[in-house]
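Colleague: Listed below, chain by chain, are the residues.
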Amino acid sequence: MATSTADNPTRNYLNDPRGVKSWLFTRDHKRIGLMFLCLVTVAVSLGAVFALLIRTELTLPGPTVTDSPSLYNRFFTLHGAIMIFLFVLPAIPSSLGNFVLPLMLGAKDVAFPRLNLASLWLFAFGMAFFILTLALGGVDTGWTFYPPYSTGTPTAVTTAVVGAFILGFSSIFTGINFLVTIHTMRPPGMGWFRMPLFLWGLYGTAIIQILATPVLAITLLLLVVERTLGVGIFDAKLGGDPVLFQHFFWFYSHPAVYIMILPAMGIVSEVIAVFSRKHIFGYKFIAYSSLAIALLGFFVWGHHMFVSGQSPLVGMIFSALTFAVAIPSAIKVFNWVTTLYKGAIDLSPAMCFSLMFVFIFGVGGLTGLFLGSLATNIQVHDTSFVVAHFHYTMAGGTLTAFLAGLYYWWPKITGRMYGRRWGQIAAGLVFIGFNLTYFPQFVIGWQGMPRRYYDYELVTDIPFITGWQIISTVGGYLFVGGVVFAAVGLIRSLWTGARAPANPWGAATLEWQCSSPPPSGNFDQPPPVGDCYVFDDWEYDEEKGYVRVTKESEDVVST
Amino acid sequence: MIDAMGGLPLGAWALFAQSTGSFWMPGEHSTFAPEVDRVFYFILAVCAFFFLVVLGLMIFFVLRYRRRPGVKPGKTATHSTPLEVGWTLALVAIVAVIFYKGFTAFMEMETPPQGCYEIRVTGRQWAWQFTYANGHVDDVLHVPVDQPVKLTMTSQDVIHSLSIPDFRVKMDLVPGRYTSTWFKAVNPGEYPLYCTEYCGDKHSQMITAVVVHSPGEFAEWLKGANDYLENLSPAEAGKLLYTKRGCVQCHTIDGSANPNTPAPSFKGIYGETHDLVGGATVVVDDNYIRESILEPGKKVRAGYRPIMNTYQGLVSDQEIVALIEFIKSLK
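Taken in order, these protein sequences are the chains called A and B. Using this note's numbering, the first residue of the first sequence is number 1, and each one after it goes up by one. Using this note's numbering, the first residue of the second sequence is number 1001, and each one after it goes up by one.
Calculated from the structure, these hints are not laboratory results. Model, not experiment: these values are computed from the prediction. There could be a bad hint or two in this list.
Unchecked claim - With a straight-line Cα cutoff of 25 Å, these simulated SDA-like cross-link-like pairs (lysine to any residue) come out:
| hint | chain 1 | residue 1 | chain 2 | residue 2 |
| --- | --- | --- | --- | --- |
| 1 | B | Lys1072 | A | Thr550 |
| 2 | A | Lys342 | B | Ile1320 |
| 3 | A | Lys284 | B | Phe1061 |
| 4 | A | Lys342 | B | Leu1055 |
| 5 | A | Lys284 | B | Thr1081 |
| 6 | A | Lys342 | B | Lys1299 |
| 7 | B | Lys1299 | A | Leu238 |
| 8 | B | Lys1299 | B | Ile1320 |
| 9 | A | Lys284 | B | Ile1320 |
| 10 | A | Lys342 | B | Thr1081 |
| 11 | B | Lys1150 | A | Leu313 |
Claimed, not checked - If you only want the chain A side, here are some residues facing chain B, beta carbon under 8 Å, derived:
| hint | residue |
| --- | --- |
| 12 | Tyr283 |
| 13 | Lys284 |
| 14 | Gly309 |
| 15 | Gly343 |
| 16 | Thr383 |
| 17 | Phe523 |
| 18 | Asp524 |
Glycine included, C-beta positions come from ideal geometry on N, C-alpha and C.
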């Protein structure tokens, strides 16, 4: 691919200015995004180690990795807490979102660059508390911290909870920043409904981050107060109510799953349009469905408590609202598939991961119907069916979309092209590994296999259970292997990859109008705003890649 | 008890050890199991349909419309309000039906009929206690067939959850409040009963059985179950209670330390002098054992934490005597 120096400048945000201090105190959203990317990569690696420990332990009945259930309980707690608070929540908004959002607006930075830096520091600080938790022997409550178990256990609950509290502020700061940036810094010509759909995803996420996270913060603070001062809030022994905690906790944590999935859906909307060379189908419905999910997501938390002893009336209301939130997700899927119709589909790694997202999120969403329905919920509640369901949505969903986004924007972030084959093989491995890992968990789950069991030697009436567990473990290693393969392929491109052109995919959103990697100030002049899903300006050439077929001057601000 | 459930050492491989379930669901052994399964299969059919349509179209489009040299993408509409509104309404209709089916089946599961046989359930780390009307306490749930049974449940420590997959029954046991559930078993036999809310180190061992007795057999069992103290020596009865009341979950009787749930072993402690938390000492005698069962937090042995809950109201005087004699016998 031919690249000019204008495409690929020697002075860019990565090397201008130089020095450790210039990174630690940077206000550049791109550097902050990149540092977030490094931190979440460390976190996901750590979480994956615990995931493999869990899977290995469960391969055969009886002790496998450890003969201590107490240690196993720490594995699954740390796996959950690290993956949720340090990876799926921040992965897309804080790293990729931070990098791309101002570029997509043709802006120089986010609205509050210093607040952005504060968000990064708070994240690192919160992460340090999680590392400290590990050093203190871990925590064994499950990532949900349910009292009275969490009030009584001698493990490092307080440290972990303080960590999550701090991470919450990082999340709120990022949310405020994105919300204000999208409201105030859209360039002339970019009305609300001319915005890239990734920004709609980030916008919905920002609303949830701002409104829901404080509830988690207060809840965790109350838990610390109960543990350290013995004030009875949630522990029945002290006069508290354990179910109250569940209400508070899920009031945040259910909307939080939409923090995790909305930006993922945004990435998929971008990638599917670009790599099928088609205008996204049903733009407004996709945009509105992001808002609908963000708002309806606040009213479904009670579906986590269908067997907690809440009244049947409350159960009925939450079940109905839960089904309502299924609709906008399905609308998105239909629109993505329709977008493919009559396209010129390029199965690049980003596209492979996006199509995989549609498959895996489809399974995750549809199995949610069993959980939303009251009668069937009772059977699969607290079984490995639930574990499979949320891994299909959160791990399969968010992680594959994150990888899709990473492959999509990698040339912009690093200035290098990666090997397509590496990415495609990685996608294949992840797809096979992922489904092998979690499909068996659906099966043993609807047969009644309880979740969070250290051992299943006493679970004797589930047909073929050991076989399913072995398949799941083999799949787990394949899945992690696929992600490692993807990472190796990307990292080696830093040395071996060709220099990236400014717009390697012939995309129409504004981030592709600045160089790869962008200069510190992003754009010398505000770029002209067009329709971000019309790709007529760029055509694919077998040798040269995407080439511009219209003159720059033909870009007009059409309103 | 676990062996009685038909488990081989690797019982996991034993296909259909107990229930005649399918690939999808365990056997239907309660009155509302078939109804729950009907909802399950309905949702499964809806899922299969949508999944195959979406996946089929996706694969077809990807194969049919792969990027080819010289072939430009087609110009198609970028939106279609009738299409969007159409599939939105279709979705609303489908989820409304699923909701309604799930809700009506659930209401039956939530509404115990008149004349239920009532059993109290107490969960604790890590044992089940089923208290019957005549005062008998058991660690296995015995119920009559073809009679509705209502469970009124609470927990003494953390949250537990009672799950009987073959009956499609699940309900949390929450400390400080009572929850209830009910079922009507339709086939005599033994079925597994699991704890499904994470409750600590022995969560995966908090498993027992439901024994469904054929008509007439239940009353007989209940009468006999309460008499066992009469027919055994106190030490023998104590040995039975040691398992039935869940002492076994934390206290060993061979002098070994339990690494996961630190509690003193019973072996040879009778007559010993122990240091207590706080510096005092105590001689392990009848009175101290009785007090430790009823008020376990009062005099805690040095080196241990006050993690045990009271058995006040869950053991009779006769049973306490039996336990004392059992501990005495462990030389």
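Colleague: Decide, hint by hint, whether the structure agrees.
Modeller: Going through the hints against the structure:
1. B:Lys1072 with A:Thr550: holds, 16 Å
2. A:Lys342 with B:Ile1320: Violated, at roughly 80 Å.
3. A:Lys284 with B:Phe1061: Holds. Lys284 (chain A) to Phe1061 (chain B) sits at ~23 Å (cutoff 25 Å).
4. A:Lys342 with B:Leu1055: Since the Cα atoms of Lys342 (chain A) and Leu1055 (chain B) sit roughly 16 Å apart, the hinted pair holds (cutoff 25 Å).
5. A:Lys284 with B:Thr1081: holds, 10 Å
6. A:Lys342 with B:Lys1299: Violated - the C-alpha atoms of Lys1299 (chain B) and Lys342 (chain A) are around 78 Å apart, more than 25 Å.
7. B:Lys1299 with A:Leu238: The given pair, whose Cα atoms are some 20 Å apart, holds under the 25 Å limit.
8. B:Lys1299 with B:Ile1320: holds, 18 Å
9. A:Lys284 with B:Ile1320: Measuring from Cα to Cα gives roughly 72 Å; hence the hint is violated.
10. A:Lys342 with B:Thr1081: holds, 19 Å
11. B:Lys1150 with A:Leu313: Holds, because 20 Å separates the two Cα atoms, which is no more than 25 Å.
12. Tyr283: This hint holds: Tyr283 (chain A) lies near chain B, its Cβ roughly 6 Å from the closest one there, short of 8 Å.
13. Lys284: Since the shortest Cβ distance to chain B is 7 Å, the answer is holds.
14. Gly309: With a minimum Cβ separation of about 4 Å from chain B (threshold 8 Å), the hint on Gly309 (chain A) holds.
15. Gly343: Given a least distance of 5 Å, the restraint on Gly343 (chain A) holds.
16. Thr383: With a closest approach of 7 Å, the Thr383 (chain A) hint holds.
17. Phe523: Violated, about 27 Å.
18. Asp524: violated, 32 Å
In summary, the structure is inconsistent with hints 2, 6, 9, 17, 18 from the numbered list given earlier, while agreeing with the others.
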